[in-house]
Amino acid sequence: MLDPVLYDHFAEAHAELARQGLAIEFEIHEEGDDPAASEIADIWLTFGPESKVLSTLMKGRVLERFNPLGFVRDVSREVGGDWHLFREVTFEYVIPQSASSDPRAPGSPSFSLRGKTIEKGQIVGLDVNVPMSLTARCRDVETDDVLWEEEVRRTVSVRFDSPHFTDSTEGGWVIADVDRLRQAERIVEEERCLGRLPGDDE
Numbered sequence: 135m136l137d138p139v140l141y142d143h144f145a146e147a148h149a150e151l152a153r154q155g156l157a158i159e160f161e162i163h164e165e166g167d168d169p170a171a172s173e174i175a176d177i178w179l180t181f182g183p184e185s186k187v188l189s190t191l192m193k194g195r196v197l198e199r200f201n202p203l204g205f206v207r208d209v210s211r212e213v214g215g216d217w218h219l220f221r222e223v224t225f226e227y228v229i230p231q232s233a234s235s236d237p238r239a240p241g242s243p244s245f246s247l248r249g250k251t252i253e254k255g256q257i258v259g260l261d262v263n264v265p266m267s268l269t270a271r272c273r274d275v276e277t278d279d280v281l282w283e284e285e286v287r288r289t290v291s292v293r294f295d296s297p298h299f300t301d302s303t304e305g306g307w308v309i310a311d312v313d314r315l316r317q318a319e320r321i322v323e324e325e326r327c328l329g330r331l332p333g334d335d336e
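The numbering of the sequence shown is our numbering, which starts it at 135 and goes up by one.
In silico BS3-like pairs for lysine-lysine, Cα to Cα no more than 25 Å straight-line:
| id | residue 1 | residue 2 |
| --- | --- | --- |
| 1 | K186 | K250 |
| 2 | K193 | K250 |
| 3 | K193 | K254 |
| 4 | K186 | K254 |
Honestly, the hints are just simulated from the structure, not real lab data.
Please take these sequences and the hints and turn them into a complete structure.
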């Protein structure tokens, strides 16, 4: 199952192709692939209340950088209400803006505030590198003619997100990202915050 945001990304891309009269197909080949060759690259944890922690790839306007790998985002639009997301490397905390002494320059949360946020639960994200072989082809929707076809064998990065949980997780995991599509969007936002890329600061 796909995360709703990732599903929307794919749906928009397919809708654009459909407007051009095209369709893309992917045929994944299992033979010859060794599942044991897959490896976990990174583990992400996003802590906070279940109603506010939507995934390990939440977006929002970048407000501040408070250490080389620490950023603050305003996720109010995404979750409703006034909330910040603090990231340090692969740990993230969704915290109400009112918990910050200065919402305009929130800085790093205290250890006490982090502890209280951790107690509210988390979503775990696993970045898994999966060796994969597949056939990609493009068809003309009207004639069903194959316009191009290519055999691909490469390692694909897949982010799996757990359900939100406190003590133990139950239920199905979802695919939240493929080939770092959503993660790249977040990195671009952070690079713009640092002034390394052109763009609006809004």
